[in-house]
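Asks: Sequences listed follow chains H and P, in order.
Per the working numbering, numbering of the first sequence is gapless, rising by one per residue and ending at 227.
Per the working numbering, numbering of the second sequence is gapless, rising by one per residue and ending at 416.
Derived by calculation from the structure, the hints in this document are not laboratory data.
The hints are all genuine.
Partial pick of chain P residues on the chain H-facing surface, computed with a CB cut under 8 Å: (1) Ser-275; (2) Tyr-283; (3) Gln-409.
Far from chain H, by Cβ distances over 12 Å, these chain P residues were calculated: (4) Ser-302; (5) Asn-306; (6) Arg-314.
Idealized CB from N, CA, C, for every residue including glycine.
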Amino acid sequence: MTWTCDQTEARLSDYLEGLLQAPERAEFEAHMHGCAECGPLVESVRSLITEMQSVEQVEVPPQLIHSILDKTIGPREHVTFWQSLKNFLGGLATPKFAYGFASVTATLFIVLSAAGLSWRKPKLTDLNPSTMSRNITRQAHLSYAHAVKYVSDLRVVYEIQSRLRQDNQLQNLPEETTPKSNQENKPGNDDHTRSQPKQQNRADEFLARQVEMLAAECPVMIERSFR
Amino acid sequence: MEQDAQLVQRCLQGDGSAWEELVRRHSRRVYNVCYRFVGNRSEAEDISQEVFLRVYRTLGSYRSAHGGFATWMTSVTRNLLIDHYRRTKRDRITDSLDDAMPVVENKESVGRRPDEQALLGELSGQVQSALTRLSPELREAVILRDLQQLEYAEIQQVLEVPEGTVKSRINRGRIELARILQQMGVRPS
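Just chain H, with the same shape it has in the complex (with noise of 0.2 Å):
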């Protein structure tokens, strides 16, 4: 069957939309070819489609808004400078603002003291830009010295007290690890009251020489902890 000029109009959009079935597609391009009429009536649609389609939305215009305004809900105050000013402030005393505006001023405090500004004493040199980065280098370095000797710091109480911890392991351990089965099984044995005072001397001497060992290591904690 081969199609009319007719069918062939009334399928028109059908086809440009893709909405055709492959055999009346067929049947659609078998007669838009072979027809002078509808070959560019079909494509003068699809451009005409193609240039609607890319078309921008005109712009309102601002008076019609006003206007439509005006005839509905009333025309609208005149608002004053003050007014508009009061509306503003009024707008700025929420509490989104206001933490807003309390981390803004944290930073900025932050900033500045460690830029090195006095703020007992401000000067307008302290804000020039070489003078602010000198000193945030300065602090940078000062913290960073601060930081290595803290942690060195801990590093000498921590070998303290796991040198303490070790010694006082030293001394439980002989109790610990005598069966007392064999104290129970020789009541009349009195060997272990006689060797626990060699066993506080070696603790003793043990703890004597740790001591001196860190003292040589690091005189001022020592100092330090003495005080």
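Please arrange chain P on chain H, whose structure you already have, making use of the hints.
Replies: Only chain P this time, still in chain H's reference frame:
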């Protein structure tokens, strides 16, 4: 962003700011439909204003269950455009007699102000001119489909006709428009 239905509810409770938001949100669409339909800026402004006044008065009759607010507004716009078309029919009969005259391009360029010509933007003056010569049924269908890019179902709701009729009107409108342009010696770019 607040939904249209919520804004409508606030409007009905007397909230002016909600109405202002609705006007700002939909004025572009309404104005563009009017402008493409009548092809004249000041008439489009007048009809758009009329649309919003009617919507404001009949806002209580809008039911969100029956479709989107934008579709409802487009329906109101379309009804007012048809009313406007009927009111000005006599003027157009005179126009159509003029259109039968061979010099079509000159009439169009003389009849339109330079700012209106610039406002046409991407759409060529001839296409806009040809659009206003279509019958209102075909014109509204083509505008809603090709310029507002509404879906067939939305157009069906706006025009209150079956989907087959919508498709047929769009198809005939496009073909008619292409023929008018051919008669004018213009081929769409």
